[in-house]
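Dock chain B against chain A, hints included.
Protein chains: 2
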Amino acid sequence: MADILIADRAQIDVCFSPFLYPVYEKEGQIVVVIDVLRATSAICTAFQYGVDKMIPVATVEEAMAYKQQGYLVGAERNAIAIEGFDFGNSPYSYMTEKIKGQTVVITTTNGTQAIEAAKNAYAVVIGSFLNITALCNWLIAENKPILLLCSGWKNKFNLEDTLFAGAVTEILSKHDNFKLLDGALATKYLYQQAHQNPYKFLNYSSHKERLSAMGLKDDIKYCLTLDQTQVIPILKDKYLVLNS
Amino acid sequence: MADILIADRAQIDVCFSPFLYPVYEKEGQIVVVIDVLRATSAICTAFQYGVDKMIPVATVEEAMAYKQQGYLVGAERNAIAIEGFDFGNSPYSYMTEKIKGQTVVITTTNGTQAIEAAKNAYAVVIGSFLNITALCNWLIAENKPILLLCSGWKNKFNLEDTLFAGAVTEILSKHDNFKLLDGALATKYLYQQAHQNPYKFLNYSSHKERLSAMGLKDDIKYCLTLDQTQVIPILKDKYLVLNS
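Protein chains in written order, with this note's numbering: chain A, 1 to 244; chain B, 1 to 244.
For reference, chain A alone in the conformation it holds in the complex (with noise of 0.2 Å):
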């Protein structure tokens, strides 16, 4: 009987890169695509501050091709919001009037590549530290299979990521209903590490040091700051929406 149980435990699994989700793919799991830095972390302030829908894209060009129909749109390429549009990928850029009740176009260099690499699954949310709580929540009421997608960096893995997934993991780890696969048992043992001061911890990751010799040290401290919101953004065809 102890068998059954245990088999019959949802596997939490964490996938490194988009390029690697085909490996990952299976029916009827949860995706929670993680681009802490910053490209989730701006989609849940997003809907903090009242956007009504974002669309996702995966190029440039589909998103000048919204710009030109008259939506508002971010677009961000190697950590750079690109001239011509309304946003970036800073949260800070989203916490504005003029997105409440619009729909809002997003394109960057690596979340929303993942998103448009999972878009198949049974559900697609959006995690980042600023709503792990009210995700942690939700994927434990669901207790279905979780996919923890990490959107890394060009394809490779990335250190901000995988803290994040240690992050969820160690928290539904916490619920028996789980069984945690290789790539969650090491995400939760690095966030064992790190969780006392997530900063100091990403001080010699890529991606810290890139956003940081941009000035970025704001933006990403507020992209680690738990529990800014309640949103959890899901995606329904091709637009993100608020989970209902």
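Just so you know, the hints here were simulated from the structure itself, not pulled from any lab data. Here the structure is a predicted model, which means the values were calculated and not measured. A portion of the hints provided could be inaccurate.
Same chains, same names: a pair is fine if it fits in one copy or spans any two.
Calculated pairs, EDC-like style, for lysine to aspartate or glutamate (alpha carbon to alpha carbon, straight line, at most 16 Å) [said to hold, decoys possible]:
no.	residue 1	residue 2
1	Lys144	Asp176
2	Lys238	Glu27
3	Lys100	Asp86
4	Lys53	Glu97
Positioned in the frame of chain A, the structure of chain B alone reads:
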């Protein structure tokens, strides 16, 4: 001047799946293929016991063709030695006089796939806990960019190969001439948690569970033993030979 020295440091990175290798491929880097449970441990053991050359092949069909030509052949799938061949991938099966001076063909679920993926790299060497110090000393002397390529399990991340990548990174990071990228940083942090008792650290890992269920705990323990040999198998054309 300090900046120039930092820029000149050779990078260490980790690739967690053969499937992801194309993302990490670059000219001039040494690839260390890692499949500690058990292919690369078996290969190191075979060279320690006097094998002359090994031919890693990706498929059982290729292995069978060599067998029919009279070669000694090791063949494993899903942790089980395939019937009709001379060895599986237990290191113990290679501790025999009969391999001395011979050419042995080998195919395994994961390790030989990783070798195949990396075969065009500047150099491809075989890493395991059994040869870790000899390997690290050689890597330090070479002073080239290093990619630690974890074979994983059927293209998924696994904990034991990650742990070994961390052990290598921990040793190399004591030398200022290396720059650790995010994957290397993560594995180093993991190893720091695990190094007191790697066997226990792997307790919940999927492949340890798999091998333990098959009564292969002795194999696991041996594969986690440091420095049983000085050999560094290296790929030259289609052959693994002793590095000289």
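Hint-by-hint comparison with the structure:
no., hint, in the structure
1, Lys144 x Asp176, "within (13 Å within a copy, 46 Å between copies)"
2, Lys238 x Glu27, "neither (19 Å within a copy, 39 Å between copies)"
3, Lys100 x Asp86, "within (14 Å within a copy, 69 Å between copies)"
4, Lys53 x Glu97, "within (15 Å within a copy, 69 Å between copies)"
Violated hint for the displayed structure: number 2, the only one.
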